[in-house]
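Engineer: So the protein lines, in turn, are chains G and W. Just so you know, we're using this note's numbering here: the first sequence kicks off at 29 and counts up by one. Just so you know, we're using this note's numbering here: the second sequence kicks off at 94 and counts up by one.
Source of the hints: derived by calculation from the structure; they are not laboratory data. A few of these clues could be false.
[Unchecked claim] What follows is a set of in silico ranges between Cβ atoms, one per label pair, in the way DEER data are often shown:
1) G:292 - W:224: 24 to 32 Å
2) G:252 - W:343: 53 to 61 Å
3) G:39 - W:176: 53 to 61 Å
4) W:318 - G:296: 51 to 59 Å
[Unchecked claim] No more than 20 Å apart at the CA atoms, straight line, and that leaves these computed lysine to any residue pairs for SDA-like:
5) W:207 - G:182
6) W:194 - G:204
7) W:194 - G:46
The beta carbon of each residue, even a glycine, is placed where N, CA and C say it ideally should be.
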Amino acid sequence: METLLEPLSYAFFQKGLFVASLSGALLGLIGVYIVLRGMSYMGHGLSHSIFGGFAAMQLFAAQFYAIGAGLWGIASALAITTVTKRSRVGADAAIGVITIASFALGVALFAKFGTSGPSFENALFGSILGISTGQIVGLIAVSFLTTAFVLLRYRALLFSTFDPDVAAVSGVNVGRIEAALMVVLSLAILATLTVVGVTLVAAMLVIPAVVARMLTDSFGRMLAYSTIIGTLCGLIGMYVSYYAGVPSGTMIVLVGAALFIVVLLATGGRGLRRSAGLDSHSEELVAEKSA
Amino acid sequence: MTGTGVGPELIRLDGVAASYDGHRVLEDVSFHVHEDQFTGIVGPSGAGKTTLLRVLLKTLAPVAGTVWRAPGLRVAYVPQLETVNWNFPITVFECVLMSRKTGRLMPWASAAEKNKVAEVLDRLGIADLAQRHIRELSGGQQQRMFLARALLRQPQVLLLDEPTSGVDISTRHDILHLLADLHEDGVAIVLTTHDLNGMATHLPHLVCVNHRIVADGTPFEVMTPTVLENTFGARMEVLEHLGMRVVVDEAPTPFTPRLRG
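This is chain W alone, in the form it adopts within the complex (with noise of 0.2 Å):
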């Protein structure tokens, strides 16, 4: 994976600023994202990862500063699973197809959406899933039928909010890899994650947010005690392991809990 962003610019945010209820969330963010990057945005809850996705997708304006995205850009966006109610009457097909613009009449999918729906869901492993109801799919699952969503519409951007979060551990591999996948295939990804060591380390471009841009780099040049006790406001302890950074967190005084009786 390269990832480090040195193709040609497709968003960029200068100075940005974004708030919610005149409260500020993000102050003077500036953030490049480039046609070959995979960069995963990590920070603790309410660190404004998920607001500076929205500015990316432009789906939250900012209070100062500049967005520019690449004129004609097509951008995808997976949501968080739990942000989703699962109990909306709908089939993986019908979830799948909806992204797509119908030139026709009819509503109903034509022969030719039906093959590229198919062929999606069969490179997504989940092609005998197809008629389902969403309710009945894995936690993984779920997160490959938006994948599908979003591929549908042969995104150069893909944008993901927490990808693994709430999955197990051999999801959470899957999904690396077929991210990895896509970004072989040309698609720039950027994701917010929380998982630091089953997933950020494993990302070759990370950015540390808290409010503001802390630090930027690869996994080795920001996973150090010092960029992350600034990030996450807890002192851990980074460890190497197999090439790759660890992170343990450096509780003060281990926690024994107190049994009644």
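With the rest of the complex left out, here is chain G (with noise of 0.2 Å):
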């Protein structure tokens, strides 16, 4: 007991753990969506998008580079659908190229001027010590319009997760709701990107959520579920972070990965199949129930 409160006596560690615990809620709740709609390759691809605006920004006006790389995130999540929709080129192809092409720039940046703000390991693996109170204010915020968007609009995300063309028919504006999911995706990687870093960003949307589906067949659990894992990913992985010396962001991704591996244990073919995306149909199911 006294291993675990000894680091609460630190005011830094106070902060990191609340930021960390809110981030790790934060990606697990988002990232349901994103794993459900089979964008985890664009939560990786904005990340790395979004560190492109970041070095551009902390070049051009370092003191609005929150601002600028969200809407830099923003611009090349909009970019990817309008391409995708507008084109024969696929969603996949699509991020490949303006965000990995944007990352590329964010390195040359980076490269040619450094920086005077957060390093680029830090912005790259993740250091919840830099995490400044601006930044807490905007985590907490972005917190705060992500739970109110997927709270009223709750109905309408499920819709047109699960059926967009049904959904259009009965009145969703799936285009609109598709566009705010982009939004909401790209301040909330932007937010956490202190904390977590570039690289290892999308494993935070993808884990809680891919656990949270071995773990339930209801869609509200789910949210649920992922939401509370990613909390304790990253709530231990802080603690195993102080106690290791490494950096937060890769604790927490190591923590979820072994969140991952004891659930899928202890589910065992039940959770492998519920998160492996199989187009089963009853027949196979009653097969089994009857076997």
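Hints in hand, dock the two standalone chains.
Structural biologist: Spelled out as structure tokens, the structure:
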């Protein structure tokens, strides 16, 4: 018990624990939609894209880097959606071109001009120590916005995720919902970038949602479980990070990966089937039950 | 069943053409949906049946012609079961409820909504499956679930894409009777089917489609060797059995499988 309480005597750790848990919860919540829409690669791409904006803003207007990088990410997300819809280019290819080019630009800018803000490594792998009060406020604001979006547009989000064609017929503005989801996703990535890091954000979008999917067949419960799992990853990851002396982002992701393995072993084939995206029909299930 | 469509007009297509990537799928289609209509759209695969539904649904804009819908018309759609991701984490209750717009701040169902969903599920005979995952249902139960989702919107027009595709004979009968009941209750129904004997011949009104409307009328009027050949591109024999048309494939030579050894 003392071991658990000891780090809490440090203000930086209290702050870190709060930020890591909130980041985990936020990514866990939004990650459900990303995973179920088959957009995991989008999360990966967007985090890299935002890095480009992050670097560019460090160079031109460091005080506004959060706003600039956020706008950069939103613009990338909307560009990907537009390119995918209006041309024969697949979403994965569009993400590959737009976001990785943006990331390359960021690396080039950092290499050429350096930066006066958070370091290159921190942006890549996350560091809770360097997080400012402004960033914490930003994270809280984005978390409120995301929660409000999910609660207020719950059925429209669910309908457009499960069955976009029928949702459109039933009066859901699917295009607007998708665009709003992209904006919220970009903001969530931006708000958690300094905690988890560019290269690891995608993992935290995916892992809690996949673990939650292995545990339940209900959408409502999956949302709740994924948020809780994300929170736990942040919480436990921070402690392990403190004792192991490694960047917070890496430990948060490793805790998530460990949790994935534990749940996979505990749920066995049932969990795997749930998360594998099998298009299994009732015949298979009936055969399974009667066997 | 009446279904010939003499009541007030709800949807009207005039000279509609539709295409995907410049490839014309429908040409010069004029089609009206009336309040008391019960119509089956029949045709071979790729003939434009689903495209016609999409134009009726307004999810596909025509490249020529006009689409008119009665102001404030409530339309519901039941998709093909094959197009659904059955591994999506959702229970029957959650699936049915999603079509109901919430006027509340919180996403969970109100007591009135729970009662409404229970009532619709009960009407369709799947009330005891409300908490089951959608993958756990049989084909007929899955179809009923989507019907429940559609009915929760209290539609005036119900459009169904191949509602009996992949279901057994008994389930097909159940679905047909269920649709007939809904039609009796005043819902206009338009469905696509390629099942001539199991589905189309039981319907009061048929439209034969092969990129354009080949014929329309009662099964007795349109299920003729000439119309069917023009629609399906294959010769078929039409018999009469118990007052209904029965279509028999007229194969030029009997198929004899070659056995090895």
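Engineer: Hints first: check each against the structure and report whether it holds.
Structural biologist: Here's how the hints hold up against the structure:
no.: 1; hint: G:292 - W:224: 24 to 32 Å; in the structure: 25 Å, holds
no.: 2; hint: G:252 - W:343: 53 to 61 Å; in the structure: 59 Å, holds
no.: 3; hint: G:39 - W:176: 53 to 61 Å; in the structure: 55 Å, holds
no.: 4; hint: W:318 - G:296: 51 to 59 Å; in the structure: 57 Å, holds
no.: 5; hint: W:207 - G:182; in the structure: 16 Å, holds
no.: 6; hint: W:194 - G:204; in the structure: 16 Å, holds
no.: 7; hint: W:194 - G:46; in the structure: 36 Å, violated
In the structure shown, a violation is registered for the earlier hint numbered 7 alone.
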